[in-house]
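**Q** Throw the hints in and build the complete structure from the sequences for me.
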Amino acid sequence: MNELFRIILSLVIVIGFVLINSLVLVWLERKVSARIQLRRGPLYVGWFGLLQTFADALKMLGKELIFPKNCDKVLYFLAPILSFAPVLGAFLVIPFGQHLVIQDLNIGLLLVFAFSGLSFIGIFMAGWASNNKYSLLGGMRSVAQNISYEIPLLLSSLNIVMMAKSFRLSDIVRAQAHVPFILLQPLAFIIFITSALAESNRTPFDIPEAESELVAGFHTEYSGLRFGIFFISEYTYVFISSCVATALFLGGSHGPFLSGWAWFLMKAYFVVFVVMWVRWTLPRLRSDQLITFAWKVLIPLSLFNIICTALALQLLKQ
Amino acid sequence: MEIREIQKVTPDDIQVSEGVALFKLDQLLDKARSNSLWPLTFGLTCCAIEMMAVGSPRYDIDRFGFGVFRATPRQADVMIVSGTISRKMAPRIKTLYDQMPSPKWVIAMGGCAIAGGPFKYPGQYAILEGIDKIIPVDVYIPGCPPRPEALVSALLKLQEKITAKKD
Amino acid sequence: MSYITNIFTGFWSVLAGMVVTLKYMFRKPVTEVYPRVKKPMFPRFKGPTSFVVDEKTGDHRCISCELCVKICPSLCITLEKERGEDKKFHLKEYKVDYTLCSLCSLCIEVCPTDALTHAKDYEIPALSQSEMINDFLKPFREKQKTSQPVAP
Ligand code: SF4
Ligand code: SF4
Ligand code: SF4
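Residue numbers (the working numbering), protein chains in the order written: chain A, 1 to 318; chain B, 1001 to 1167; chain C, 2001 to 2152.
Worth double-checking, as some hints may not be accurate.
Beyond 10 angstroms from chain A on every Cβ pair, some chain B residues (computed) [as the list claims (entries may be wrong)]: (1) L1028; (2) T1041; (3) P1091; (4) R1092; (5) P1118.
When the alpha-carbon atoms are kept at most 27 angstroms apart in a straight line, the in silico DSS-like pairs for lysine-lysine are as follows [to be verified]: (6) B/K1120 with C/K2143; (7) C/K2092 with C/K2143; (8) C/K2081 with C/K2092; (9) C/K2120 with B/K1120; (10) B/K1161 with C/K2039; (11) B/K1094 with A/K73; (12) C/K2070 with C/K2081; (13) C/K2092 with C/K2070.
Calculated directly from the structure, the hints in this document are not laboratory data. Note that the Cβ used here is the ideal one computed from N, Cα and C, for glycine as well.
**A** Here it is as structure tokens:
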């Protein structure tokens, strides 16, 4: 009973955190993009435009919700929810601090990947149900991309599992008490970040919603609140990827002076910043280049990296 | 012409009565709407160049929260008709307007979009003389082309129109 | 071999690009905060056309010759005149439909008395079409009203 209460309470906290977090992230993204382009970004709504995204969200609440002609109503309605819900599940195992974790499962890492793999089903459903050719193309591209990039994502985190000898995220963080794994596994980190970018449909891998070719990709037909949910789930996904990258490579909650959760959040937001920085630097890849990059570059590299890690671990043991 | 102060969400919008803060929900929604007018990405002819300038670093309408140009009409709030409307293009513009979810607004930019501009003469057959023949227009910006500042001030005027007291 | 060098050059170019954007992030923005700071218009800026106020008489210089009406390619000038007692034309009404004007300056070039010029306003959005028909004589009429003594 106590346990159930704890989980419900944490779910409420997580949902609140997710909403506020994504609003802040959108604001941050607009500011970062503005600075890179020598602009000023949101400035007048609230303090430094901090209320800008709040106004956007409120406006979306007040917009008309449209069901396109001949759409599959059930799927169309379910798709945003299905793409958003799994992201919440991934929060279950993220170790924000030494003891700040909702459920410290022994297969934590696998759980995160399982949940993140679910979210593109929602995206494909959106593409299918909208009865729009651009949406469908976007959805299919999203599936192709997610299946390709899931593999290097898993393979690169396998190195970490081999070194920490556990799937439990808190164990992995504990193994980095002295040296964060990014110093030992720089290649794995780069592969992980690249695939995580692709998994969360961010530029330069945003071909599912490529504005110049596919109008808006899978959410072409979504308006108002439903589009807002897609938006929130994208940003939450970015945040989750950064959290996992922090736990796997950047030493999680370890750090001098400050308490654990502060270090964790600082590192995670730094990774989020890097993701935005990449987004506003690089142009979009072509769809064939994208798949080629996954299968011909990332997967061989990560296999090579795994072999090297295994050899090194064996040599060290002897 | 006088341009009023920039819109802000101020504590005046919150009415305190019997210790309970009651938001005037309608006004709050209007404030939110007026502060996040997302334009639809499309330009018709030469005026579109000035519209692009407005999104660029020099004029940067993202400062007001208008900078999110959406490619799909389903997510846009305001349509900036910028340029000559040929007879072929007019039905497409009508379709795009119909596809936008309400509440939606239209800005007619430049002489062509308002009334045909320099292309209007007796006996012409190729262009539509003014976008307000097919869709309702909220703000007109005369000029050929108007300066980017004129478009910014038109957006601010639209903001004013949205938040104006309706009774 | 080219496979490996490709990977390295690709990675290197990504890094180089990111360094460039990082440098830009710390530069000063070039944005003009427009409604707060209104910059004066340039000398050759073409705003809506309007009458020049003559420095000596304080009136306009138009002699109702209708040259501007004839040359305007957008047919947007309406002019009404009447013959006064001194056998000269007097301007009764001069309106420019600014929804049609393409700011081509032809009327300004053709005017024999240099009565027309481009104004420097640029914040001219309107809520309806009728707001955009400029009555050029309006400021002069208002001036007359204020300067003439009110009849007892
Ligand atoms: S008003 Fe002038 S600048 Fe604008 S579209 Fe028409 S001709 Fe081009
Ligand atoms: S500027 Fe050109 S279009 Fe405008 S009133 Fe003069 S002649 Fe006509
Ligand atoms: S050309 Fe000049 S003087 Fe002649 S009618 Fe026009 S404004 Fe008046």
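**Q** Now, for every hint given, state plainly whether the structure supports it.
**A** Going down the list of hints, with the structure as the test:
Its beta-carbon lying about 7 angstroms from the closest one in chain A, B/L1028 breaks the requirement of being farther than 10 angstroms from that chain. Remark: the non-interface label on B/T1041 conflicts with the geometry, its nearest Cβ contact in chain A lying 8 angstroms away (cut-off 10 angstroms). Distance check on B/P1091: its Cβ is at least 17 angstroms (rounded) from any Cβ of chain A, clearing the 10 angstroms threshold; non-interface status holds. Against chain A, the non-interface label of B/R1092 holds: every CB pair exceeds 10 angstroms, the least being about 14 angstroms.
Distance to chain A confirms B/P1118 as a non-interface residue, since its nearest Cβ pair spans about 31 angstroms, more than 10 angstroms. Of the pairs offered as hints, the one joining B/K1120 and C/K2143 is violated, with about 35 angstroms between alpha carbons and a cut-off of 27 angstroms exceeded. Distance check on the hinted pair: C/K2092 and C/K2143 sit about 16 angstroms apart at the alpha-carbon level, within 27 angstroms; holds. At roughly 5 angstroms between alpha-carbon atoms, C/K2081 and C/K2092 fall within 27 angstroms of each other, so this suggested pair holds.
Only pairs whose Cα atoms come within 27 angstroms are accepted, and C/K2120 paired with B/K1120 is accepted, the gap being roughly 25 angstroms. Under the criterion of a C-alpha separation no larger than 27 angstroms, the hint pairing B/K1161 with C/K2039 is consistent with the structure, at around 25 angstroms. Restraint check: the Cα-Cα separation between B/K1094 and A/K73 comes to about 26 angstroms, which is no more than 27 angstroms; the hinted pair holds. Of the supplied pair hints, the one linking C/K2070 and C/K2081 holds, its CA atoms being roughly 15 angstroms apart against a limit of 27 angstroms.
Taking the CA atoms of C/K2092 and C/K2070, the gap is about 18 angstroms. The hint holds against a cut of 27 angstroms.
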